[in-house]
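**Q** For the record, the sequence lines run as chains A and B. If you number the first sequence the way this note's numbering does, the last residue is 218 and the count never jumps. If you number the second sequence the way this note's numbering does, the last residue is 116 and the count never jumps.
Hints listed in this document are in silico derivations from the structure and should not be mistaken for laboratory results. Glycine included, each C-beta is placed from N, C-alpha and C at the ideal position.
Some chain B residues near chain A, calculated using beta-carbon distances under 7 Å:
id : residue
1  : Gly45
2  : Leu46
3  : Gly110
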Amino acid sequence: SQQGEEDPQALSIQEGENATMNCSYKTSINNLQWYRQNSGRGLVHLILIRSNEREKHSGRLRVTLDTSKKSSSLLITASRAADTASYFCATHTWGAGGTSYGKLTFGQGTILTVHP
Amino acid sequence: DGGITQSPKYLFRKEGQNVTLSCEQNLNHDAMYWYRQDPGQGLRLIYYSQIVNDFQKGDIAEGYSVSREKKESFPLTVTSAQKNPTAFYLCASTKDRGVSVAFFGQGTRLTVV
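Hey, can you work out the whole structure from these sequences and the hints?
**A** Following this line, the structure appears as structure tokens:
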């Protein structure tokens with residue numbers, strides 16, 4: 103089962119506009135991460151927010167985390183055509199059975215298209 | 004350059020065959036992961052390993068097997084028991100078993116012919 107559910111599934115905007123993607127999850131987490139995937143390629147890490155943090159910035163990226171609502175959002179400001187990609191949230195949790203193994207679980211992703 | 008290498012990039016399998024996907028990392032990372040991605044879908048966890056000679060089942064382990072005999076290598080075998088193996092397979096690693104960022108390979112696209 104997927105830990106993260108993302109919304110919207112697809113987003114189409116014009117260059118210069120802001121893009122907001124949301125992620126909801128089901129269980130307690132250690133941290134939440136956002137990744138980007140260009141078509142047919144591997145994923146690239148964008149930003150990590152820990153469970154005791156509420157907001158984090160990195161360049162044009164802003165991530166928020168609300169652990170009471172089990173949700174996160176990724177905001178990309180002043181979008182560019184090069185931002186066109188799929189964006190995934192991933193939650194880091196401890197594995198089952200009382201082990202100390204960390205487990206990284208991904209959502210379904212949001213396909214972002216930025217038109218020049 | 005440090006990174007994760009997956010091979011081959013494309014793989015074709017006949018029905019009833021077992022095939023093995025390679026994943027090698029030179030990042031000195033402890034943990035390694037295998038994910039499956041279907042068209043337009045997210046990533047689903049197949050297996051993960053935090054240390055050598057140990058691994059855990061993910062959400063969709065049936066029909067797959069792995070080994071972790073060396074820290075830098077985590078091969079995935081897609082067995083004939085996996086009824087719908089056509090997908091994009093991604094390998095990833097993290098520095099340790101705790102809080103850390105995942106580095107991904109470029110993926111292997113497996114097609115059943």
